[in-house]
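Work out the full structure, taking the sequences as your base and the hints as a guide.
Residues per chain, in single letters:
Number of protein chains: 2
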Amino acid sequence: MNFNFHMPTRVIMDEDCILKNSFVLKDIGHKALIVTGAKSAKKNGSLQDVTEALRKAGIDFVIYDKVMSNPTVNCVYEGAKYAKENLVDFVIGIGGGSPMDAAKAIALLAVQDKNKEELFSCSFENKVLPLVMVPTTAGTGSEVTPYSILTNDMAQTKTSISTPLIFPKLALLDPNYMKNLSLTVTVNTAMDALSHSIEGMLSVRSTTFSDMIATESIKRITQSLDKIQIGKGITSGSNITMDIREKLLYGSMLAGIVITHTGTSAVHSMGYSLTYFKNIDHGRANALLLPSFLRFVSKNEPLLVKRILLAMEMETTDEFETFFLHLLGEREKLTMDEIERFAGIAIQAKNIVNSRVVPDKEDIIQVYTRSLHL
Amino acid sequence: MNFNFHMPTRVIMDEDCILKNSFVLKDIGHKALIVTGAKSAKKNGSLQDVTEALRKAGIDFVIYDKVMSNPTVNCVYEGAKYAKENLVDFVIGIGGGSPMDAAKAIALLAVQDKNKEELFSCSFENKVLPLVMVPTTAGTGSEVTPYSILTNDMAQTKTSISTPLIFPKLALLDPNYMKNLSLTVTVNTAMDALSHSIEGMLSVRSTTFSDMIATESIKRITQSLDKIQIGKGITSGSNITMDIREKLLYGSMLAGIVITHTGTSAVHSMGYSLTYFKNIDHGRANALLLPSFLRFVSKNEPLLVKRILLAMEMETTDEFETFFLHLLGEREKLTMDEIERFAGIAIQAKNIVNSRVVPDKEDIIQVYTRSLHL
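Chains as they are written, first to last, in the numbering used here: chain A, 1 to 374; chain B, 1001 to 1374.
Source of the hints: derived by calculation from the structure; they are not laboratory data.
Treat the hints with caution; some may be incorrect.
Each computed BS3-like pair below joins lysine-lysine, with the alpha-carbon atoms no more than 25 Å apart [what the hints assert, rightly or not]:
(1) B/K1026 <-> A/K169
(2) A/K31 <-> B/K1127
(3) A/K127 <-> B/K1026
(4) B/K1306 <-> A/K219
(5) A/K169 <-> B/K1127
(6) B/K1043 <-> B/K1056
(7) B/K1169 <-> A/K169
(8) B/K1169 <-> A/K127
(9) A/K306 <-> B/K1219
Taking beta-carbon pairs under 10 Å as the criterion, some of the chain A residues facing chain B (in silico) [unchecked claim]:
(10) M7
(11) F209
(12) M253
Even for Gly, the Cβ is constructed at its ideal location relative to N, Cα and C.
This is the structure:
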């Protein structure tokens, strides 16, 4: 039994946990840069809670609220410049994956001089501003990972920075901020988290420990998604109970711990082109590909796939596909030209070889075709 | 769903993991103090592996090998003096719970001036020497906890220092060092770990997350102990397979993560007197008390007890008791005078109130009586 476990982030999950734990922020720094998007953190109450907690703790702060979906490299350089100008000594990311991932890159670039070419090489000096994360969606798990995923226009895809330096010091999880998320965002982000845990189990780096966490995560998310399937009385995000919101947030955090140890695999590699070129939401992109990819894996690793299905209380890959098709509704379509091009990009991604059954280019084309050439 | 998770130690488990990871030690410090006991680390190969890894990494070291079982406060002051004299900048604990716990206290006292009265107050400045742990028994879980348990002659019991400062930076787990542990030590330490996970589930501080880990730990340890029950062909420690050794080491590390979050409970409070006054091994002391304590809890919390029994694949507290009685063999005896005295000490311990069903002094007397007044 070989394994490696390292996840140093302190995680606190509780309703109103930010205000209850304002004193904890005092130990982290004296002046914060809050990194967030233009709108959602203002609407869902998270920004107000954070600023109130900072005031209560006597901590000064400035706000950088220009993070877009799928943040670009330029955006994080701009944020880092703002951090330096304002002499902040820690960074708080509030939002979905985009602001949290941007916050991580900003915390690095605020104290390290790296040009755009060097940024993805992941060779950093041992310094970073401490990070606090407040997720406002339940999907990315970025609050407990050492990854920052940025849109890399040079490589025409999303590329990750991976270094233990950007493990957040503290993650504050309050399901209240998800109360008004739309049904679509809720489902897309939940499918992203589910994909993390499933891909974690399909990874060559999976361990007994990561599988235990992945199994628990898959159970929680599947049970929750099952309750919000179309036709079960839930017609909008506001119908979703706090109990489901909590389970999704817990499940996505667990999935973050999983990919911290296993990385993601071919599904993410293939999904990035759908987001980059077709503007398909990240979680949805994974979910579109997952059923066909699982079918591909099951040919070589049927027992491994059985374990995943068991956690979902399913028997077959058909059932698995039906589950996702219900959640996805009408699917996007790709031309064969697009598929050929995306497969060419995906096959070069570093997480392709992370899969226990490594697909070749032809396999990738088949998975894309079965999923999106309808 | 409220919870709090924090376990920043990097854990690497693998055969020969110390030599394979010597480069990791370079990032920790330049001169190490190795803290260990007089004999076992020399016999089981762990000390040699550590010194070889340090030499390979070009790290200087000195050795303090005077840690006795149930280390005293004097011992850790002596170790801290030695650390200061030798200007070490990190500490490596090798051994069972005793050397690891001593190493933690030494790492604190090497950089903080605290007298013996202040030591257990747990109010420290924010500084400590980094810690590396190499467990050579599978019981204490100290490699992943923020606790150091010392014999406190002033209070006539064992008392714990608890501070996140003493979370090890790195734990290196190699089951090879357990190969020649006697059957008695193997069983005693495994029962200690099992007690940690069970007490964790009985704690008011248990969470969904800690319960997941506790359940996995209880399963692994019970299955392993079941295989080394007397009469199943195993007559000495050397008959125990590496597979069982690995599961026990994994299970005890998980149990350490559990008590990091839940603390121990009344069983440990009661067990300390058995060790302090009757010289009964710590793990055995817990195991002697556990069946009667579980019976006591089951009156008020039958469903909670059912969950523990389920993880052990048992149906009743009778089965639970039979399992432990087989492992314990002939039990020690206490007089009613001793029981009265020990109950008086236990009722004052801080982890008594940690139990979901808090026993009063009369309950404690009954548990002692049922367990040891035979």
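So, going through the hints one by one against the coordinates:
Of the pairs offered as hints, the one joining B/K1026 and A/K169 holds, with about 23 Å between alpha carbons and a cut-off of 25 Å not exceeded. For the suggested pair A/K31 and B/K1127, the alpha carbons sit about 22 Å apart, so the restraint of at most 25 Å is met. Taking the CA atoms of A/K127 and B/K1026, the gap is near 17 Å; set against the 25 Å cutoff, the hint holds. With a C-alpha separation of about 21 Å, the suggested pair B/K1306 and A/K219 falls inside the 25 Å cut-off, and the hint holds.
As the CA atoms of A/K169 and B/K1127 are separated by approximately 17 Å, the hinted pair is consistent with the 25 Å bound. In summary, the hint linking B/K1043 to B/K1056 is supported, as the alpha carbons are separated by about 21 Å, within the 25 Å threshold. Among the hinted pairs, B/K1169 with A/K169 is consistent with the structure: their alpha-carbon atoms are about 15 Å apart, no more than 25 Å. Restraint check for B/K1169 and A/K127: satisfied, since their Cα atoms lie roughly 17 Å apart, inside the 25 Å limit.
A distance of roughly 21 Å separates the Cα atoms of A/K306 and B/K1219; the hinted pair therefore holds under the 25 Å criterion. At about 8 Å, the closest approach between the beta carbon of A/M7 and any beta carbon in chain B falls short of 10 Å, and the interface hint on this residue holds. A least Cβ separation of about 8 Å between A/F209 and chain B falls short of the 10 Å threshold, and the interface hint therefore holds. Interface restraint check: A/M253 against chain B, minimum CB-CB distance 9 Å, threshold 10 Å, status holds.
Violated hints: none; the structure is consistent with every hint.
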